[in-house]
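K.L.:
Spelled out, the chains give:
2 protein chains.
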Amino acid sequence: MLQAVLLDISGVLYEDDRPLPGALQAVQQLQDKGYPLRLITNTSRQGRAAIHRQLTAMGFAVTPQQIFTSPQAVLRHVRMAGLRPYCLIHPGLEDEFADLLDLPEPNAVVLGDAEMRFDYAHLDRAFQLLLDGAPLICMGDNRYFRGQGALHLDAGPFVRALEYAAGTTALVLGKPSAAFYASALEDLGASAEATLMIGDDVIADVQGALAGGLRACLVRTGKYRAGDELRAPTAWVAADLAEAVARFC
Amino acid sequence: MLQAVLLDISGVLYEDDRPLPGALQAVQQLQDKGYPLRLITNTSRQGRAAIHRQLTAMGFAVTPQQIFTSPQAVLRHVRMAGLRPYCLIHPGLEDEFADLLDLPEPNAVVLGDAEMRFDYAHLDRAFQLLLDGAPLICMGDNRYFRGQGALHLDAGPFVRALEYAAGTTALVLGKPSAAFYASALEDLGASAEATLMIGDDVIADVQGALAGGLRACLVRTGKYRAGDELRAPTAWVAADLAEAVARFC
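Line order of the protein sequences matches chains E and G. No gaps in the numbering here: position 147 of the first sequence is 147 in this note's numbering, and each next residue is one more. No gaps in the numbering here: position 144 of the second sequence is 144 in this note's numbering, and each next residue is one more.
One chain only, chain E, in its complex shape:
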């Protein structure tokens, strides 16, 4: 029945830059069994190439094409729709978006975790494009992230700011949005019903996948907290990736 697998990355494959016990072997087993596979993440501060280097340095045997990020989902959408985006993105994504930067007469707004580029002039420019009918396409709408011992504004507040200003609703291509899961499945060429998502975040990974019609397995590693399974009663549960793959794949 199961035909394809999606894996969250941080907290499922590794913690603190070290592979979780059995994770390297579990990924290899999925590859050996021939499952179409995507490692999915909302990371919008680095491109697929950088994530691939990081994973291979830890010993994971995956190809760059098996990594599907929110920025990848945005690129996929922008290219299929033939849009010319105005990009408010993190410098870490500039290589990946190289052919879409500084296009004349933009007709869409792409917003990632632009951090220091979130200033009045850039946001006002984005606002004016939205008023002209440009769609707002985002890599996620997280409220904040933890860095250097404190919480900091993520992209979500700026998404809400522009939505309110222009009276529009963003297309959010990041977990847990159904649109993101749909994009990953298209990239994978698999149906939702035959695809299993394995993750440690009960909202982004598990509830999101279930809402998109996928099967989902919550692992008790990474950001898992006791009782999280109660928030997704129809999900499978496993101690970690190794057990999830051994039992369900």
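Derived by calculation from the structure, the hints in this document are not laboratory data. Among the hints, a few may not be true.
Far from chain E by the CB rule (all over 10 Å, computed), these chain G residues [unchecked claim]:
#, residue
1, 2
2, 10
3, 19
4, 50
5, 59
6, 92
7, 94
8, 121
9, 123
10, 131
11, 143
12, 150
13, 157
14, 167
15, 234
16, 236
One-sided and incomplete, this derived list gives chain G residues near chain E with beta-carbon spacing under 8 Å [claimed, not checked]:
#, residue
17, 31
18, 97
19, 120
20, 127
21, 129
22, 153
23, 158
24, 161
25, 162
C-beta atoms are modelled at their ideal positions from N, C-alpha and C, and glycine is treated no differently.
Go by the hints and put chain G onto chain E.
P.N.:
Just chain G now, kept in the frame of chain E:
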């Protein structure tokens, strides 16, 4: 019955920097009759002193103390609550807020139309204070304003951004909020039922005042558009300030 009067400024007293017909005399009549009077505005790019200079240059006989702006309402609130605000405000307000700038260990966030100061570092600092429990106090939550032939982001989008990030709700001390009208009445020392608000903006001036329990008169000058009276059926209506004062005061 009527004991006090509130007047909107732009579009009621003047248009294009010139007093509207009969407006100078109407204000003088209100003064002569001894009504406690406040000229109220959401302007958060200039202080009361600058507005007073502008009005007296046009010939209006009012004192600075009769001008009550959103920044004034914020100052009133901050001082009465003994707060030490972190101020994200327009440079035009720095004189008025001089004794509140750069205070150590701020325990509140004050947000006006900061324009170019709306950047990641300032917003992230405000966010962290909100996480620590500081209240968010705003001079308005307008979505945009018109300037130099285009619409530009006003403070409202940044209010929504911080509310979303920190999971809080701002205290908005600008028209049409009931809190702003309550503050103006306190400054005036008058009760809502005995106070008349005269304005050209059916939402900010008229609906706002009615919701706060005041009486309201819509004038057909400034931003008035045909049919606006249908959006506030319980408001009085007059051709302009001169007629409103002659008929109702």
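K.L.:
Against the structure shown, which of the earlier numbered hints fail to hold, in ascending order?
P.N.:
Hint check: 8, 9, 10, 11, 12, 13, 14, 17, 18 and 21 fail, others pass.
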